[in-house]
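There are 2 protein chains.
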Amino acid sequence: MTTETIANVTLTTKANVYFDGKCVSHGFTAADGSKASVGVVLPATLTFTTGAAETMECVAGSCEYKLAGSDAWQRSSAGETFSVPANSSFDIRVTDSYHYICRYA
Amino acid sequence: MTTETIANVTLTTKANVYFDGKCVSHGFTAADGSKASVGVVLPATLTFTTGAAETMECVAGSCEYKLAGSDAWQRSSAGETFSVPANSSFDIRVTDSYHYICRYA
Chain A
158 MTTETIANVT
168 LTTKANVYFD
178 GKCVSHGFTA
188 ADGSKASVGV
198 VLPATLTFTT
208 GAAETMECVA
218 GSCEYKLAGS
228 DAWQRSSAGE
238 TFSVPANSSF
248 DIRVTDSYHY
258 ICRYA
Chain B
158 MTTETIANVT
168 LTTKANVYFD
178 GKCVSHGFTA
188 ADGSKASVGV
198 VLPATLTFTT
208 GAAETMECVA
218 GSCEYKLAGS
228 DAWQRSSAGE
238 TFSVPANSSF
248 DIRVTDSYHY
258 ICRYA
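Each protein sequence line maps, in turn, to chains A and B.
So in my numbering the end of the first sequence lands on 262, straight run, no missing numbers.
So in my numbering the end of the second sequence lands on 262, straight run, no missing numbers.
Watch out, some of these pointers could steer you wrong.
Copies of the same chain look alike in the list, so a pair counts if it works inside one copy or between any two.
[Unchecked claim] Here are the simulated lysine-lysine pairs, DSSO-like style, with alpha carbons at most 30 Å apart:
no.: 1; residue 1: 223; residue 2: 179
no.: 2; residue 1: 192; residue 2: 179
no.: 3; residue 1: 192; residue 2: 223
Simulated from the structure, these hints should not be mistaken for laboratory data.
Work the whole structure out from these sequences, hints included.
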């Protein structure tokens, strides 16, 4: 099941633009006070670094991702989640689009 | 004054991607039930058509826009708003980025 909408959020109006627009997100604060964002990755292969640990939930489309220290690309599709440790990184490759919710653990 | 955050919204998690990602937005429903979106236009010159009339509020960056039937490009910067009639169109050109809230009138 995918998360299509999230109620009772405080939305940040200015987008975050990464990699010349290959990734665009909008941040929000959830009802419980936690920070998160919704975003999309367009066709590209990118490397993201993490500060805090984060969980990526796919809400539409799909990606392949590879965590730091792994040699294996794994697929994540709508309704699926993967987690990235703090102070780490992951590669992501997208051929169509990958729509996500990023939550900080 | 710019609108940095909007409270009590229901956020749609899947982005709207227009013009190969030159414009990306996320829709939301405001506390009063009205539909709107937050988005960003990256460097490009684009033409958007409207169904319902809409109001574009700039929250960061700037654009130039030209309404259908006009020969004049006008600038819109953070804190400024312009309105587009229903069933019309407008051209927009952006050299850096234009972050906006789009509300339906």
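Taking the hints in turn, this is what the structure says about them:
1. 223 / 179: Both ways: residue 223 and residue 179 sit 18 Å apart in one copy and 27 Å across, limit 30 Å.
2. 192 / 179: Both: 22 Å inside a chain and 26 Å across chains, each within 30 Å.
3. 192 / 223: within (24 Å within a copy, 37 Å between copies)
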